[in-house]
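Heads up: the protein sequence lines correspond to chains A and B, in order. Counting from 1 along the first sequence, just add 3 to a position and that's the residue number in my numbering. Counting from 1 along the second sequence, just add 3 to a position and that's the residue number in my numbering.
Please note that a few of the clues may not be correct.
Using 25 Å as the maximum straight-line C-alpha spacing, the simulated BS3-like pairs for lysine-lysine come out as follows [unchecked claim]: (1) B/Lys59 / A/Lys78; (2) A/Lys143 / B/Lys29; (3) A/Lys143 / B/Lys21; (4) B/Lys21 / B/Lys69; (5) A/Lys357 / B/Lys24; (6) A/Lys143 / B/Lys59; (7) A/Lys358 / B/Lys24; (8) B/Lys24 / A/Lys143; (9) B/Lys29 / B/Lys59; (10) B/Lys59 / B/Lys69; (11) B/Lys70 / B/Lys21; (12) B/Lys24 / B/Lys70; (13) B/Lys29 / B/Lys70; (14) B/Lys29 / B/Lys69; (15) A/Lys357 / A/Lys143; (16) A/Lys358 / A/Lys143; (17) B/Lys69 / B/Lys24; (18) B/Lys59 / B/Lys70; (19) B/Lys59 / B/Lys21; (20) A/Lys56 / A/Lys190; (21) A/Lys357 / B/Lys59; (22) B/Lys21 / A/Lys358.
Keep in mind the hints are simulated off the structure, nothing from the lab.
Here is what each chain is made of, one letter per residue.
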Amino acid sequence: MKKVNWIVVIAGALVGLAAVLLTALGNPANMGFCIACFLRDIAGACSLHGAAKVQYVRPEIIGLVLGSFIMALIKGEFRAKGGSSPATRFVLGAFVMIGALAFLGCPLRMVIRLGGGDLNALVALIGFTIGIFIGVQFMKRGFSLRRNYTLGVTEGTILPALMLGLLILVVAVPSLFKFSEAGPGSKFAPFFAALGIALVVGALAQRSRLCMVGGIRDGIMFGDFKLLYGFVAIFAVVLVGNIITGHFNLGFSGQPVAHSDHVWNLLGMLLVGWGSVLLGGCPLRQLILAGEGNSDSTVTVFGMITGAAFAHNFGLAGVAASADAAGGVPTAGRIAVVIGIVFVLAISLLNMPKKADA
Amino acid sequence: MIDARGLVCPMPVAMVQKEVKANAPKEVEVMVDDQCAVENITRYATNAGYAVSVDKEGTDYRLTLKK
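Pulled out of the complex, with its shape left as it was, chain B reads as follows:
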């Protein structure tokens, strides 16, 4: 699970990109606490071929990326 809470753009997307490029995982979870990060990661992951679901958990967001 990638914990990108507390990080401003582009760090959350950069972390996801690093994981995707290194391991090409079929599924990865990302925690963020910023709506902007949700949008940016969703856009990046969708372009990389992942289906993205978002669950709000309090003030945080859990994104699940699945191929």
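So that you can see chain A by itself, here it is in the shape it has in the complex:
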């Protein structure tokens, strides 16, 4: 048991270190990793959306999936499975992405931003925790998206294969893709360094079962804080790294790629927390599970990419504050977050066990 706990702490610490390193190497500030932002950037690079400032094939996503895939194969844990309400998961994934892009970060980036002193992420953490708490109430009462089933090997390797294909294409034929010339999409660590770091992180995350949602969820449901240690380890290492490198800035304003639209930071991450509990894991965990062969998580990732494309094609995403403007979540984005919350409520209620006939 202690061995399992230490694996999570070590994994969390190394993820934190990787995040600090990736920012030092060129990723946007307080964004060493962001599953939401990076899937959104890949969507843009593939012309699924036209937001010019967020288009880049992030090798971190490729590395996380392939790192998990390789570790799962090595440990004999690769299992092709799926069939657990995939269409529902697709839409849940899309709304989780919409919630995350309202806040301008996935749960992992939320922890990284906290480590940078960004108090907007504290507001988000409150919303995230509330969302998880609500989701847990449904789980305790029997919520289920039904079981998955063993499937053919090809089904389980779809996302690893697509990531490998994307890697080959971006290296061999980069002209196929869009690359931002300004904005967050133009800031990136050297491609192969980021890929290598992400491969290691993906492998560690698979081995340790690291999950930002699981930490809080399991604490509430079972009094089990194993995964939360990983969450805290990431925060602690990022905090120390930022203090050492002089990038710690405590406060709400002047934070990189962030805004202080508090209500919508809270509600956006409430949607992420609740949706992620129903899905069985945060966006990072979905990438890792997809690498292990879980095609339900693959479908969830497809949903997240689609949600990212919608967010930028329809002006739903949060706008970062700048010297000229406070930024925040546009009206369309607020409506989308509310629709998302209504959707997760409906899914929660409609997937409860039926009472036995009298």
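Following the hints, put chain B in place on chain A, whose structure we already have.
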């Protein structure tokens, strides 16, 4: 016997927790098909005072929890 095969976390542990809280059984068997579920149930059950043994059956795992 609790059949938690095909369910992703935290469902398998939630099912075991429900049984333990409702009936406080001296012994319970759980079937899962996921190594992550084996680890999570082992941790939960050990903390709840059960001794846990795990047998691999093909691609599935049978956990026996005994007090």
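Status of each hint after checking the structure:
Simply put, B/Lys59 and A/Lys78 have alpha-carbon atoms about 15 Å apart, close enough for the 25 Å limit, and the pair holds. The hinted pair formed by A/Lys143 and B/Lys29 meets the criterion: a straight-line CA distance of about 23 Å does not exceed 25 Å. Distance check on the hinted pair: A/Lys143 and B/Lys21 sit about 8 Å apart at the alpha-carbon level, within 25 Å; holds. A C-alpha spacing of about 16 Å is found between B/Lys21 and B/Lys69, which places the hinted pair at or below 25 Å, so the restraint holds.
For the proposed pair A/Lys357 and B/Lys24, the alpha carbon gap of about 21 Å is at most 25 Å, so the pair holds. At most 25 Å may separate the alpha-carbon atoms for a hinted pair to count; A/Lys143 and B/Lys59 exceed this at roughly 28 Å. Under the criterion of a C-alpha separation no larger than 25 Å, the hint pairing A/Lys358 with B/Lys24 is consistent with the structure, at around 20 Å. The suggested pairing of B/Lys24 with A/Lys143 holds, with an alpha-carbon distance near 12 Å, which does not exceed 25 Å.
At most 25 Å may separate the alpha-carbon atoms for a hinted pair to count; B/Lys29 and B/Lys59 meet this at roughly 22 Å. As the CA atoms of B/Lys59 and B/Lys69 are separated by approximately 17 Å, the hinted pair is consistent with the 25 Å bound. Of the supplied pair hints, the one linking B/Lys70 and B/Lys21 holds, its CA atoms being roughly 16 Å apart against a limit of 25 Å. Note on B/Lys24 and B/Lys70: the hinted pairing holds, with a Cα-Cα distance of about 14 Å set against a maximum of 25 Å.
Restraint check: the Cα-Cα separation between B/Lys29 and B/Lys70 comes to about 5 Å, which is no more than 25 Å; the hinted pair holds. About 6 Å separates the Cα atoms of B/Lys29 and B/Lys69, which keeps this hinted pair within 25 Å; it holds. The straight-line distance between the Cα atoms of A/Lys357 and A/Lys143 is roughly 14 Å, inside the 25 Å bound, and the hint therefore holds. At roughly 15 Å between alpha-carbon atoms, A/Lys358 and A/Lys143 fall within 25 Å of each other, so this suggested pair holds.
At most 25 Å may separate the alpha-carbon atoms for a hinted pair to count; B/Lys69 and B/Lys24 meet this at roughly 15 Å. As the CA atoms of B/Lys59 and B/Lys70 are separated by approximately 21 Å, the hinted pair is consistent with the 25 Å bound. A distance of roughly 24 Å separates the Cα atoms of B/Lys59 and B/Lys21; the hinted pair therefore holds under the 25 Å criterion. At roughly 10 Å between alpha-carbon atoms, A/Lys56 and A/Lys190 fall within 25 Å of each other, so this suggested pair holds.
A hinted pair counts as satisfied when its Cα atoms are at most 25 Å apart, and A/Lys357 with B/Lys59 does not qualify at roughly 33 Å. For the proposed pair B/Lys21 and A/Lys358, the alpha carbon gap of about 17 Å is at most 25 Å, so the pair holds.
The structure fails hints 6, 21 (numbered hints given earlier, in ascending order).
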